[in-house]
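Trainee: Start from the sequences and build out the full structure, keeping to the hints where you can.
Listed below are the residues making up each chain.
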Amino acid sequence: GAVVSQHPSWVICKSGTSVKIECRSLDFQATTMFWYRQFPKQSLMLMATSNEGSKATYEQGVEKDKFLINHASLTLSTLTVTSAHPEDSSFYICSAPLRKTGTNEQFFGPGTRLTVL
Amino acid sequence: TQLLEQSPQFLSIQEGENLTVYCNSSSVFSSLQWYRQEPGEGPVLLVTVVTGGEVKKLKRLTFQFGDARKDSSLHITAAQPGDTGLYLCAGVRGSTLGRLYFGRGTQLTVWP
Numbered sequence: 167g168a169v170v171s172q173h174p175s176w177v178i179c180k181s182g183t184s185v186k187i188e189c190r191s192l193d194f195q196a197t198t199m200f201w202y203r204q205f206p207k208q209s210l211m212l213m214a215t216s217n218e219g220s221k222a223t224y225e226q227g228v229e230k231d232k233f234l235i236n237h238a239s240l241t242l243s244t245l246t247v248t249s250a251h252p253e254d255s256s257f258y259i260c261s262a263p264l265r266k267t268g269t270n271e272q273f274f275g276p277g278t279r280l281t282v283l
Numbered sequence: 003t004q005l006l007e008q009s010p011q012f013l014s015i016q017e018g019e020n021l022t023v024y025c026n027s028s029s030v031f032s033s034l035q036w037y038r039q040e041p042g043e044g045p046v047l048l049v050t051v052v053t054g055g056e057v058k059k060l061k062r063l064t065f066q067f068g069d070a071r072k073d074s075s076l077h078i079t080a081a082q083p084g085d086t087g088l089y090l091c092a093g094v095r096g097s098t099l100g101r102l103y104f105g106r107g108t109q110l111t112v113w114p
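Which chain is which? The protein sequence lines are D and W, in order.
Just so you know, the first sequence maps onto residues 167 to 283 in my numbering.
Just so you know, the second sequence maps onto residues 3 to 114 in my numbering.
Rather than coming from a laboratory, the hints here were simulated on the basis of the structure.
Honestly, I wouldn't trust all of these hints.
Reference listing, derived: stretches of chain W covered by chain D, where coverage requires no fewer than 3 residues with Cβ under 8 angstroms from a Cβ of chain D [claimed, not checked]:
id	region
1	37-47
2	104-111
Far from chain D by the CB rule (all over 10 angstroms, computed), these chain W residues [to be verified]:
id	residue
3	14
4	15
5	20
6	21
7	54
8	55
9	62
10	68
11	77
12	79
13	83
All residues carry an ideal CB built from backbone N, CA and C; glycine is no exception.
Mentor: Here you go:
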């Protein structure tokens, strides 16, 4: 399968600071990537769709000014949590679809654990 | 409302037992995927089913896609402690590069 990496794997920051999370497709190109948030023992919640060369599409209820997404190249998308607060603490995961005929297989990064103090 | 209803949400069984996880919807999906996730890691793709009525086997795991492509099931035979994890079903509607619609997940614990 295809490989998607995330960096950092975990981060602890003070309230009010900004945190950048990177998502890379290592062995394939991805014009689209997806960002999710996950709470313990729950399913993934889609936050936004990252599009290379254009603006991200945010899900209802997700503040685009707080969660800045930049799809800088065909292999890199970044999520910046601006002015982070304790309620932003969560597990953030990205995914990228691998273009295959007739299917939509998506491969997930290992996730980033964000803790805001 | 959840587009994909996944059940049960929690499952705690003894080693050697069989189990089935269901994902149901009133919507048609072009494909459906099953993932397994362990704590602190991203989901790992187990299988993709595309054709209505399709059955796929992965060792002790059997996946089925409903004839109408609205539902799917995952059956595990003789569960082992190593099967413990969060199982997620996710469907795609339309575009082959479209978003995934996830079920709520099934947290499976298999006791030795």
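Trainee: Confirm or reject: residue 83 of chain W is not an interface residue toward chain D, with every Cβ-Cβ distance exceeding 10 angstroms.
Mentor: 18 angstroms, holds
Trainee: Going by Cβ atoms, does residue 20 of chain W stay more than 10 angstroms from chain D at every point?
Mentor: Fine: 23 angstroms to the nearest Cβ keeps residue 20 of chain W off the interface.
Trainee: Taking C-beta pairs only, is residue 62 of chain W more than 10 angstroms away from all of chain D?
Mentor: Holds: least Cβ distance 20 angstroms, greater than 10 angstroms.
Trainee: How does the region 37-47 of chain W fare against chain D when you require at least three residues with a CB closer than 8 angstroms, holds or violated?
Mentor: holds (count 7)
Trainee: Is it the case that residue 77 of chain W keeps its Cβ farther than 10 angstroms from each residue Cβ in chain D?
Mentor: 20 angstroms, holds
Trainee: Checking a non-interface call: every C-beta of chain D should be farther than 10 angstroms from the C-beta of residue 79 of chain W. Is that right?
Mentor: Given that every Cβ of chain D is farther than 10 angstroms from that of residue 79 of chain W, nearest at about 24 angstroms, it holds.
Trainee: Should the label of residue 14 of chain W as a non-interface residue stand, given a Cβ cut-off of 10 angstroms to chain D?
Mentor: 13 angstroms, holds
Trainee: How about the region 104-111 of chain W: do at least three of its residues have a C-beta closer than 8 angstroms to a C-beta of chain D?
Mentor: holds (count 5)
Trainee: Is the nearest CB of chain D more than 10 angstroms from the CB of residue 68 of chain W?
Mentor: 17 angstroms, holds
Trainee: Are all beta-carbon distances from residue 21 of chain W to chain D longer than 10 angstroms?
Mentor: Per Cβ check, residue 21 of chain W is outside 10 angstroms of chain D; nearest 18 angstroms; holds.
Trainee: Does the claim that residue 15 of chain W lies outside the interface with chain D hold up, using a Cβ gap greater than 10 angstroms?
Mentor: 17 angstroms, holds
Trainee: Against chain D, does residue 55 of chain W hold up as non-interface, every C-beta pair farther apart than 10 angstroms?
Mentor: 16 angstroms, holds
Of the hints listed earlier, there is not a single one the structure fails to meet.
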